[in-house]
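Enquirer: Listed below are the residues making up each chain.
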Amino acid sequence: MKPLRNGNVIHDEPPRKRFQEDFESTPLYIAVVTYINYGIMIVFGFLRDFLRRHGFEKTHASTEASDMKDFVPLYASFESFYTRNIYNRIQDVFNRPICSVPGPVIDIVERQFSKSGWMFEYTGKVLKNVVNLGSYNYLGFAENDGPCAEASIESIEKYGVGVCSSRKEMGNLDIHVKLEKKMAEYLDVEACLTFGMGFATNSMNIPCLVSKGCLIISDGLNHASLVLGCRLSGAQIRVFKHNDMKDLESKLRDAVVYGQPRTHRPWKKILIIVEGVYSMEGSIVNLPGILELKKKYKAYVFLDEAHSIGALGSRGRGVTEYFGIHPREVDIMMGTFTKSFGAAGGYIAGSRALVEHLRYHSHSACYATSMSPPVCEQIITSLHIISSTDEGKRRIKQLADNCRMFRQGLKKLGNIVYGNDDSPVVPAMIYAPTKLGAFSREMLKRGFGVVVVGFPATPIAESRVRFCISAALTEQQLQDALDAISDISDLLQMKYSKKKIA
Amino acid sequence: MGFDFKLFGKKPTSVVGYIEWLYFIYCITTGIYMLDPWERTVFNTCLILLLSMSFYTAYAFLPQHIFAMLSHFGLMDT
Numbered sequence: 001m002k003p004l005r006n007g008n009v010i011h012d013e014p015p016r017k018r019f020q021e022d023f024e025s026t027p028l029y030i031a032v033v034t035y036i037n038y039g040i041m042i043v044f045g046f047l048r049d050f051l052r053r054h055g056f057e058k059t060h061a062s063t064e065a066s067d068m069k070d071f072v073p074l075y076a077s078f079e080s081f082y083t084r085n086i087y088n089r090i091q092d093v094f095n096r097p098i099c100s101v102p103g104p105v106i107d108i109v110e111r112q113f114s115k116s117g118w119m120f121e122y123t124g125k126v127l128k129n130v131v132n133l134g135s136y137n138y139l140g141f142a143e144n145d146g147p148c149a150e151a152s153i154e155s156i157e158k159y160g161v162g163v164c165s166s167r168k169e170m171g172n173l174d175i176h177v178k179l180e181k182k183m184a185e186y187l188d189v190e191a192c193l194t195f196g197m198g199f200a201t202n203s204m205n206i207p208c209l210v211s212k213g214c215l216i217i218s219d220g221l222n223h224a225s226l227v228l229g230c231r232l233s234g235a236q237i238r239v240f241k242h243n244d245m246k247d248l249e250s251k252l253r254d255a256v257v258y259g260q261p262r263t264h265r266p267w268k269k270i271l272i273i274v275e276g277v278y279s280m281e282g283s284i285v286n287l288p289g290i291l292e293l294k295k296k297y298k299a300y301v302f303l304d305e306a307h308s309i310g311a312l313g314s315r316g317r318g319v320t321e322y323f324g325i326h327p328r329e330v331d332i333m334m335g336t337f338t339k340s341f342g343a344a345g346g347y348i349a350g351s352r353a354l355v356e357h358l359r360y361h362s363h364s365a366c367y368a369t370s371m372s373p374p375v376c377e378q379i380i381t382s383l384h385i386i387s388s389t390d391e392g393k394r395r396i397k398q399l400a401d402n403c404r405m406f407r408q409g410l411k412k413l414g415n416i417v418y419g420n421d422d423s424p425v426v427p428a429m430i431y432a433p434t435k436l437g438a439f440s441r442e443m444l445k446r447g448f449g450v451v452v453v454g455f456p457a458t459p460i461a462e463s464r465v466r467f468c469i470s471a472a473l474t475e476q477q478l479q480d481a482l483d484a485i486s487d488i489s490d491l492l493q494m495k496y497s498k499k500k501i502a
Numbered sequence: 001m002g003f004d005f006k007l008f009g010k011k012p013t014s015v016v017g018y019i020e021w022l023y024f025i026y027c028i029t030t031g032i033y034m035l036d037p038w039e040r041t042v043f044n045t046c047l048i049l050l051l052s053m054s055f056y057t058a059y060a061f062l063p064q065h066i067f068a069m070l071s072h073f074g075l076m077d078t
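Those protein sequence lines, which keep their order, are chains A and B. Under the numbering used here, read the first sequence as residues 1 to 502, first letter to last. Under the numbering used here, read the second sequence as residues 1 to 78, first letter to last.
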């Protein structure tokens, strides 16, 4: 494969493996079983709602006050029906309270649920040393001792914990300036701006970049923060099929040729919004394809690297390094510090003009409190470890090895696994809601904490379990996890895949 | 809730365990795993009633129906 050429710079990355993404289609019988499950649950849901309405059974859900019974109902949509009758029955697998640092092993507070899952109480016991397969702890920086924690403690002794002001007033500390400089160097861009909350970074900054009269073309599976930001901006939104370059190209062509809807004037700006790694699918964006289209049709690209910064690339610089693309090709790079750096907050990086514009116009920069100093110090120390020490290199390599080993192991077992071979997020399909609850409970009995996701985070018939691989997990723990998953998949008949892996 | 299943993450090999596992898979497939025990009883009762009525009807009336069909299509002497 010939080396990639960007302008006059040739990057000598080793030949990239073929872009390997996998979305095996749902087997027919399990789709039928899933719909049967939902059908029976809906029938019994109606029965229970009938009993509750006519007083045969006590209602625990929220209902309107008795003097408002004749008003338009507040709780009549499918969402509340689903929550009352389907979600609540397996509620013990969601929202489990944790009482330790979210490292490779965690302690979970035990809860005892009543019938139908309406009420629970704490038994007082704590389940210790549950292997953590669900936290976004990609490089293992969620620690309560070590150099990062020591540096954070020193910064608390110097600055305290609260900043007590927004960034524009008195909240611009020297530690923020230092963090932004270090982050800009790490990403190899001109400048960077940081915010206290990752969700707010997307939702509050997209309205500053686009407005009415602009066009946003966003991927179908974008995160809720991006969708909210797009809606708040007032721009026209069009959606292209997930990672499908042909669909994106046809939408771009239509936009350039036909312009705005009624007046046919040209669009002021066209912004393509994609994510680096999609957390529900485990797929990686086809960045070379998108940049080719961007140059051809003169659009801007907004890349949300929430899950990929620190986790992809040989030096942990994200999806641009993974593809061998220079970061200055992407106009706006956004990311969060929550996943790989073990802190909280988000950043937007790009050219100096962009960052200065955002510094003065962004809602988050004007009104939100700036990032807390110990959190900043945690990020600065972890950046230093990732970029300049052997420990960082070891962690990045450990993460890549763990991902590969776990994903291959899971595929060999026969489960359907979505997504790209190199992504640190591994979703395995479960489909039926009963198996969702049973899988999570059985894994907890065996000492593994997993995150299962169903509707509305995923399509209704495609529930899955999402494993997040961490560099802090040892190979032995992952092998034990694979053995447990194998036994439970046999028990629940979850090995749907028709592909034969040697 | 489905807590009354005592399975511990392995497919059982003994005969009694195997039959319990078959019932577990039946509960998972039809969706009654997630229901309360009394709802499960209601569902199982309805299902058994329906199946027994179908089997009785088949036993009592199927030979006559098959006879009538075959003689209508001329494949058998009346």
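No lab work stands behind these hints: they were computed from the structure. Model, not experiment: these values are computed from the prediction. Every residue, glycine too, gets a C-beta built ideally from N, C-alpha and C. Be careful, since some hints might not be right.
What the hints assert, rightly or not - To give a feel for the contact side, a few chain A residues facing chain B, derived at Cβ under 7 Å: (1) Ile40; (2) Lys212; (3) Thr434.
Enquirer: Which hint numbers doesn't this structure obey?
Expert: 2
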